[in-house]
Each structure stands twice: as C-alpha cells, then as structure tokens.
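Asker: What follows is each chain in one-letter form.
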Amino acid sequence: MPEPLFEVRHLVTRFRTEGGEIRPSRDVSFHVAEGEVLGLVGESGSGKSVTARASIRLQQPESATIGGELLFRGRDLRAMAAEDLRGLRAKQIAMVVQDPAAALNPVMTIGDQLTRIHRLHGGSEEAAREAALALLKRLRIAEPESRMAAYPHQLSGGMRQRVLIALALICRPALLIADEPTTALDVTVEAEILALLDELRRELGMAMLMISHNLSVIGRLCDRVAVMYAGRIMEEGPTRALLAEPRHPYTQALLAAVPKGSKADGPLPAVPGEPPDLAHLPPGCPFQARCPGAAPECTQDQPLREIAPGRRAACWRASA
Amino acid sequence: MTAPLLRLDGVSKHYATRPSLLGRVLPNQPMVRAVQDVSLSIAPGEILGLVGESGSGKSTLGRVALLLEPPTSGTVAFDGANPASDLHAFRRRAQMVFQDPASSLNRSLTIERILDSPLSVHRFGNRAERRVRIAELLELVGLRPEMARRYPHELSGGQRQRVGIARALAIEPAFIVLDEPTSALDVSIQAQVANLLVELQQRLSLTYLFISHDLRLVRWLCDRIAVMYLGRIVEIGPAETLWNAPLHPYTRALLNAVTAEDLRPPEAAGDVPSPIRPPPGCAFHPRCPMAGPRCAQHAPRATTTTDGVTTACHLHDGGVA
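Protein chains in written order, with the UniProt record's numbering: chain A, 1 to 320; chain B, 1 to 321.
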C-alpha cells in the first residue's frame, strides 16, 4: 500500500466539562489516501467534529489533544512548530465549515476575501482578481463580477457556501476537511453543492475528510466511511459495502431508523434509549446498553479489527 | 365526505420588511409574501404533512392556522366555526409543538411547572387533580414520573421534545400543529419520537398538521402531503401517490434530492429566490427544467387528477408553450 496522504493514529482528546472529564476521541485511527474521500459519520456527541478539528490541530484549546500521531505526508503535525503548521494549513490543508455566515468576514466584500488569500500566497493584485473570478465562475456563481463587490449578507446560503468553498480551494489544497458543509442548506441546493464538491476534488486530485451526520450525504460523496459513536470508530469500510451490509449493530440500527415506507408498515425500528453520558461511560462497548445483541462479552474492550479485506468493526460478534 | 376539522380559504400572510414606524408610513415598501393564497382542509383524525424548503412559508402557515398570527387575507375555519370569535376556547382545542424544545421550554421552571401552566390557564381541576394529570401526561409520552422535578437542561433533546408534546396534550386538544418536531434530534431519537407521535394520534384520535423539510419522515408519518414553494402550495395529495408519482417538477426535484444515491446533477437549478420578490408567473420557473414561455407570464391554476392530487403547474393545465 502506498503511504497515505494523511494518517491519524490513536488520537485521544480530552475536555473538562461540568459533568466531569469527557474524551470526544478515544483512540481514533484512520487514514486518507491521495485523492480519496473519507466520510466520518456520527450523531451529535459522537466526537466526529472534535476528532476532525483535532486531527489538524485546530482544536481549542490545543492541549485537549493528549495522545496520538497526526501524519501528513509522513510528518507529524503534533511535532511541528506553530509557524510550519500555519504554512501547511494555508497551502495544503483547507477546511469548509457548516455555517458560512459565521466563517466569512461580514465587513469585507467577497472579492477582497478571495484576493486577500491569493495575495498572502504572493500573487499580484491583478492575478489575484483574475484567479478569484475564474474560481467563482467555476463554482457556477452567476454574475461573478458583481458578486465580487457583494458582502456576505447579500448572498443566499447556497451562494455563501460556494464562496466558502472557493476560499478553501484557492490555493489548491491536497486535503480538504469539510465539516457538515451542506447541513445548513436546503436539499435541492445541497444536491448541487455535493455534485460540485465531487467535480472539483476530481479535477484537483484533492483528498477529502467529510464530516456529516447524514448517511445519505456520506453515501453519495465518500469512497470510504468511518462510523463514530461515543468517541470511537465502530465500523469502517468502503461506503457502498458498508451501507448495503453494515456489520456493527450500531451501524445497522442507525440505518434501520431512517424512515423508508409508511407508518402502515409498522413502527420505525427506533434505537432504544439514549447515547451514553460521555463522562460516565461503561467499560467495553459504548453501545451495549442500546444494543439488541448485548452479552457479557460486551463489557470487554472492543478493538476495531479487520473482519474482511478493507472492512473493520469494533464488535466481537461482527464477521464477514 | 366528513366535514373538515380545519379549513383554510385563500389564506395569505404578508409581512412588512421594515416593521418600523417610518417603514409603515413610507409608500410601496417591499413586503415578504410568506404565504400566498393557500386553501386546504384537514379532516378529523388526519395527518397532513406540509413540506418545503426555507422561505417556503410552511412555518408561517402553521402559525396562521392556529391564529398565533392573523392572516393578512383569507379565512381560517375550525370545526365549521370562526375560531377568532373565541380564541380562548380555540386554544383549548388547537395546540402547537415547536422544533427546538431547548428554547421553547422555560429553563427556570421544573417540568412539573411547565406542564402545570396550560392546565392552570385553562382552569383544569384543583392542585391535586392537576398533579395527577401531570403524572398521566408524563406516562403518556414515555417519561418516568420523577422527571417532573427536573429542569429542561437536565433532560436530553429527545426527553425535552417529549415534554413539549406533553405540554401540547395537557388540555386534551383535538388538533396539533407540529413544526419540525424532530429536526433537532438525531436519527436514532427521531424514530422514537415519530413512533410516539403516531401512537398518540391513534390513541387520542388527534388531527395533526405536521410541518417538516424531511420528505422521508413526512411520507412515513402522514396521510396526505402538501408541498409549498415560495408561499404557495404547488402540490397536495395522498402521501403514497405523491411519493410514487409526483406531478409538479418542484416536488420531483425535492424527491430526487432526498432519494438520490449518486451525484446526478440536481433538477432544480440555483438557489431559492427571495420571497420579497418572488419570480412572476410560476414562482418555480427560473429553476424548473420543464419551464416554457407561459410559465414566466401566468401563474398556473390548480388542477386535480382522478387520484386526488391537486397541482398548480402549466404542464398539467394546457402546457408550458
């Protein structure tokens, strides 16, 4: 196997909350190959966003990360000087967040925000403007010249998200981290943004780490997917195979809970109970209290293990 | 056919974009046409789903149906009468469940006090009787009795929404408007709450107006579905018919966006326009893959098929050319 572009090994993060200490990422390992799209899917509190941010040392406070290696092209981000890290994040790793209204500068025009980044990388005013215009056109933004003079609040949500993607892509990163990039958008607009993201990543040969709670979004965009629950990866594998034949009881329950037919077919197969309190996790599998197949074995630690080529699951029962 | 429980006739709701004094005296100020000429009825015991994207006016329509806001024009009839003539009596029979239980529950009150409030307002029994009723309500929505002493922040999102439902049920209403009641919840919890809503509806013979942007959930839960776009209902009909054979291109685009398993190009181009300046003719025409010259000029009339689906689209009313 060629060396992955980005590899996270045994990441552990820790926060202190009112309810006690919690660990949003508990021994999380994954890798993203050049040009590959890895999805990180999970419900609220699963730790997916903290994990993604901590994986590129964006977590605040940074001391929350207490263990693990973050290898980008073989170099450990955790061992890197702050200045080198900034350089790397500016040129090779970019991020798109859920809420473009909060991520864009409200008092700068779209054009100024786009050209500023380009100029920070040493381009001339003229070249920066041309590059920005070309990118807005590429993102199918109508009337790009007049949009350059617009402020973020003058654009629709879908338009703002496209501008944010433009900002992230302007220096052609090797890795794009997208945290719920379409969650704030309407479904018909979401479809368009997803199609666009897919086109662009193919064009640029860019790898992506896509964080989402939405299995359908993950299913459409990702090559591989890792399912998180209570700070752990429960299952990982090629998207199509994993969604068609989930092996971990949590993934199975999650997929089954999505409404399919009508209520005439009977109640929805809901997952009983609630996600566990992260400050007071039981020993062993965090899903055991809600799992239909729970057994005494589940109180033992469940490491993520290979159950078939390319497929891993953290359940002693799971098999190919 | 049974007489409808709720009936809206030509209901519109417009808001001033500048609700200031100056805005009111200036002529020709832009209006947000949140709801535009909507007529529909809901039969007793029926669940009508109302779907649409942001700016479609679905939440506004829900609030107008409960007269939480008066319509700008048109009429709301409840049980054959005008509910505005006795709002207090209407509130006893028509209630609302909100999307975000965290912000719709008073955080400084215990669950018991929250559930007691509608009971006292509507003079339900004495203190002891109200306490019994609160215990009943908690059981009804699947919460343990000791939850009564807790505060909203001590509950999970799913539990808080159960309290929101219990509060709406407190005074035994006949009709409930549910505005995105599961949208803030995770999928695994959403399914629990959806099951509870159906169970309660059947047990208590309730009538729901279920507002959601989630078409799969609406299909699962509702008997009929109404699709809104920029303030108007573009299609309304039996849930399964509409799901399997949508007539309006917008309904089709919405369905395809939800059920897509690959990255096929979307059928609705661009973003939803502003409801301040909805496009002329059919409001969907700038995004519609089927649009023709007529669509930009004339607003389509509603036509009804033999399957009981009503749609407002030129394709089904003489063509787009």
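Please note: incorrect hints may appear among the correct ones.
[Stated by the list, open to error] If you want the footprint, here are the derived chain A segments under chain B, 3+ residues with CB under 8 Å:
(1) 105-112
(2) 152-164
(3) 178-191
(4) 212-222
(5) 256-270
Hints are computed from structural coordinates only; laboratory data are not their basis.
Backbone N, C-alpha and C fix where the C-beta goes; we use that ideal spot for every residue, glycine too.
Asker: Each hint needs a verdict: does it hold in this structure or not?
Answerer: Evaluation of the provided hints:
1. Check on the segment 105-112 of chain A: 0 of its residues sit with their Cβ under 8 Å from a Cβ of chain B, so the three-residue criterion for coverage is violated.
2. Counting residues of the segment 152-164 of chain A whose CB lies closer than 8 Å to any CB of chain B gives 4, which reaches the minimum of 3, so the coverage claim holds.
3. Requiring three or more residues with a Cβ within less than 8 Å of a Cβ of chain B, the coverage given for the segment 178-191 of chain A holds, as 6 such residues are present.
4. Beta-carbon proximity to chain B at under 8 Å applies to 6 residues in the segment 212-222 of chain A; the threshold of 3 is reached and the given coverage holds.
5. Coverage of a stretch by a chain is defined here by at least three residues with a beta carbon nearer than 8 Å to that chain's beta carbons; for the segment 256-270 of chain A and chain B the count is 11, and the condition holds.
The structure does not agree with numbered hint 1 stated previously, though it agrees with all others.
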